[in-house]
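Asks: Residue numbers (our numbering), protein chains in the order written: chain A, 157 to 352; chain B, 71 to 471.
Just so you know, these hints were derived from the structure itself, not from any lab. This structure is a prediction, so every number in the text was calculated from the model and none was measured. Be a bit skeptical, because a hint or two may be false.
Stated by the list, open to error - DSSO-like, lysine-lysine: derived pairs with alpha carbons at most 30 Å apart:
1) Lys-328(B) <-> Lys-294(B)
2) Lys-294(B) <-> Lys-272(B)
3) Lys-328(B) <-> Lys-244(A)
4) Lys-244(A) <-> Lys-411(B)
Stated by the list, open to error - Which chain B residues face chain A? A few, computed with CB under 8 Å, are given here:
5) Ala-226
6) Val-323
7) Asp-329
8) Asn-385
9) Arg-387
Where is the CB? At the ideal position from N, CA and C, for every residue including glycine.
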Amino acid sequence: MFEVRIHGRGGQGVVTAAELLAQAAFDEGRWAQAFPSFGSERMGAPVVSFCRIDDHEIRTREPVMSPDALIVGDPTLLHQVDVFGGCKPDGFILINSARSFDELGLAEFAEGFRRERMLTLPAAEIAREHTGRAVANATLLGGFAAMTGWISLDAVARAIRARFAGAVGERNVAAAGAARDFVEAELMELSGASPA
Amino acid sequence: MCRPEVICAYPISPQTHIVENLSQLVKSGELSPCEFVNVESEFAAMSVAIGASATGARAYTATASQGLLYMTEALYNASGLGLPIVMTVANRAIGAPINIWNDHSDSMSQRDCGWIQLYAETNQEALDLHIQAFRLAEQLSTPVMVCMDGFILTHAVERVEMPDQESVDAFLPAFAPRQVLDPDEPVSIGAMVGPEAFMEVKYLAHAKQMHALELIPEIAADFKQAFGRDSGGLISGYRTDDAETIVVALGSVLGTIKDTIDELREQGVPIGAVAIKSFRPFPLQDVREALGHAQRVVVLEKALAVGVGGIVSANVRMALAGIQLHGYTVIAGLGGRAITKDSLRGLFADAVADRLEPLSFLDMDWDLVNRELARMRASAASGPHAENILRDVGTVAAGPV
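Extracted from the complex, chain B is given alone in its bound form (with noise of 0.2 Å):
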């Protein structure tokens, strides 16, 4: 529907039918003209990626957990080259220890790396952002990672309107690069660049997402003229108006927030949500304005920045500098732990009692934690964790560890 040139991708879960159904896309030749092209792993495939960029072609791949992480020396060099590649992340868990399941620890690990960072809510608004993103990189000459969660989305059958082609054609042009890699017209992509200019290169990678600022909302309401559908944005408010507590959090939880929040609004509760859907570029003044006037905020988190904790929350009291608020931070739906109602229901009960930590971790299975944390005060000799834990749950039966 983008029209690709280039596909290149590595197979990894949750992502994996993704790539397997553009491979049949690209065989039959419902794609053409588009070339899939096979490599052995992720930094390879973010590599052709990046070449087939450079050349002029508009090119995708997608990705996921580990991929994602060995991509990372690719990724910088995308985005330092300024190469408007579009990759979708279905976000995954980092190991060890080793999980498929869903939650944001891969795409906020590569959080600075200079793509820009969109995250979807609904099956719908993925198909919308991936359209968005290849006009939002080429515009700007940067990588755009279209984010959904792993399994959640990428692996839920519901209905999505399907735009035609002819309206995607309209609303996304082809693909006409400034300058590309040509033997009969050589040019040097990718110089080095010392102490004199390093600083005004990096800068001006900033000012790119700094102008994405300006652009996402554009497009986004471009779209809708186009397409009669709100997708994408900087941020999107429910029932925030008069909401007292808010809760901010990023893609598919947020369906599942705002039914907890049409309960409690029934009730009579001021309580409203915000979703942020680009967290690169982030949106200070906008989550500022948002936010701003409510009484408290609880970032729900499904990452988890050992050492300190939240990652999103960090940025959000950055945009709220100097706002007297209560602000929680909890990390939610690690590794693919469900995110329920009926824990969203305590926890915002909690919160709207400003019973919460400042940093608390949704159905912590505390017993658990403090048995092994009394194991290792027992012993100071290191050793793994997550075999204990598993024998405590019954899940293996091993022995100790």
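With the rest of the complex left out, here is chain A (with noise of 0.2 Å):
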């Protein structure tokens, strides 16, 4: 089983990112269990989803309490909220921020863990360019997709499509897309520096 937690404040699409990887992971035959933590729903408070996928049918209801991968959608996020809980040193860690490590103040804290699993993602920007909006879902997906191939683009694309119809649709595959290259940018030039 791989466990995904998702991290963010209410309006930026934390929970449809979650349900998204669980529509990608039915779209490619596989089980999957997407469901969010709530509080008083409201914009800009910190919200938590989580979503697990296997290859089985998927029982515990348990929050993700020790995630494979960690998603943080906003960055205001890193020194407020414990966001890293539970995090295991083999596991993928994707942020949102156009920064690196260093600057986000986690250069000690990221050396307990693989360096070609911990990355930062320009979201927001990137979700800007190609969808005119700074919300960053859709496109840490196509982060996620290439960072860790446990879902392929080809299935986050078409579960995006399935939820939102037309050019929005469309910008957001198209958001993911460049994530997806960015992303496969960064561990190339990490392979080249050190390899695993």
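Using the hints, put the two standalone chains together into the complex.
Replies: Now the structure itself:
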């Protein structure tokens, strides 16, 4: 089983992101379970959503305590909420930010993880460029697909199109593709610098 | 899919999107001929459902929490009049303190209102139970609640197999009541009944539910034949054959319980679970047969009967009358507190070693409780507690209350 936890704020599409990921997994013929951890819903409040993916039926209903992959959709949460709680040393971490881990004050923290599984992605900028809005959920999923290999970009794109009809869907698919390219370039650079 | 003819509901979390989507389906004509009636409250929602059902329409509504309580008076009318309304309860805690998250306090508070209560473990089962519920309700002339855990199920996106309409139509024929309210052929429904016959009428409601003990497994068997899935029934056992310890629960927590049981089984611990699918009627005999051979029974329940403890466990104890075993009541997950595998591992380890108190509370923060108890002892004056507790937790910066 592969467990994902997504952090963000109300209005950033955190719950939708988990649902899109589940939809993409269904599309690939797998089992998935996406669910939110709701507070009193309001714009800007910290929100968490979860997604599990497996090759057989998923029975457990507990929140994802120890994620295999973590997506942080809003870097302002980094020093406010315990977003890294339960993270595994070989887990994936993707943060929506144009800054590096050093600049985010996470250099020391990052040392405990595998470098090629810990990336920042300027998802808000990519989303704004392609969709005109800084809602980065679909963009982050493109980066997630490239970083983890746990879901194909094609499946993500189909899930996005199924959810958002017409131009909105296409623009988000383009943003997800751009995020994939960004992450692949990053990974390439990293493997050149320090072969895993 | 069940072809309701009147849907009438008032939105309340975590039921809201059920009603929103149904209203869209009615508006788009997809559910035609079906009318969606907007109302100003849950009391009105149930009252409209009662009226619709009495005129011979298949009626559906959905609610949760305080909304269910607001319906209470009408709930008794629906069952007393024998109207086969089906209602989804998106299980949610009851305030005060106000809380939107899941537990079973709402439906458990209405356990004696004459409605049948079925509890879904997964979204697939929730779908399947609704199809079965209409058939059961109409065959028995009694309303049915399908209870599904708020947020945990209502807001989960997971794989669900949708049966085709033709198969559902074959399984669930059109609603054909014995008598209906019709201005052209007037009849009385809802007459006053005095002491000369009230007990007999009430007994008939009980007799219907006793009959449901036969019908529910029959309908589940028919459903399996038609759709190929085990869904519903009265109870369902999991790895109970040689189990010395059996955990009893209702609803979605059973998935987490089963995963935990698998882990313990790998370590050689003889433990199993029993899911109670039908809480009303309560299947005394089936529960007795499923649990009677165990050494200990742990009832994990998501509601608290303040002043005594467990609700489900009181019923389980009735089923086990005269049988010697260790019985434990564990109150868990109130107001949305997550029930984790970690907590269940610890709980089951304590149970297997008979280290549990007869009544315990899973993951209770006793420091928090004791601090407030100390404050209460220090002052005999009455006052609220929730705000003091929140201040201790650090959630709000309120001063002493």
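Asks: Which of the listed hints are not met by the structure?
Replies: 2, 8, 9
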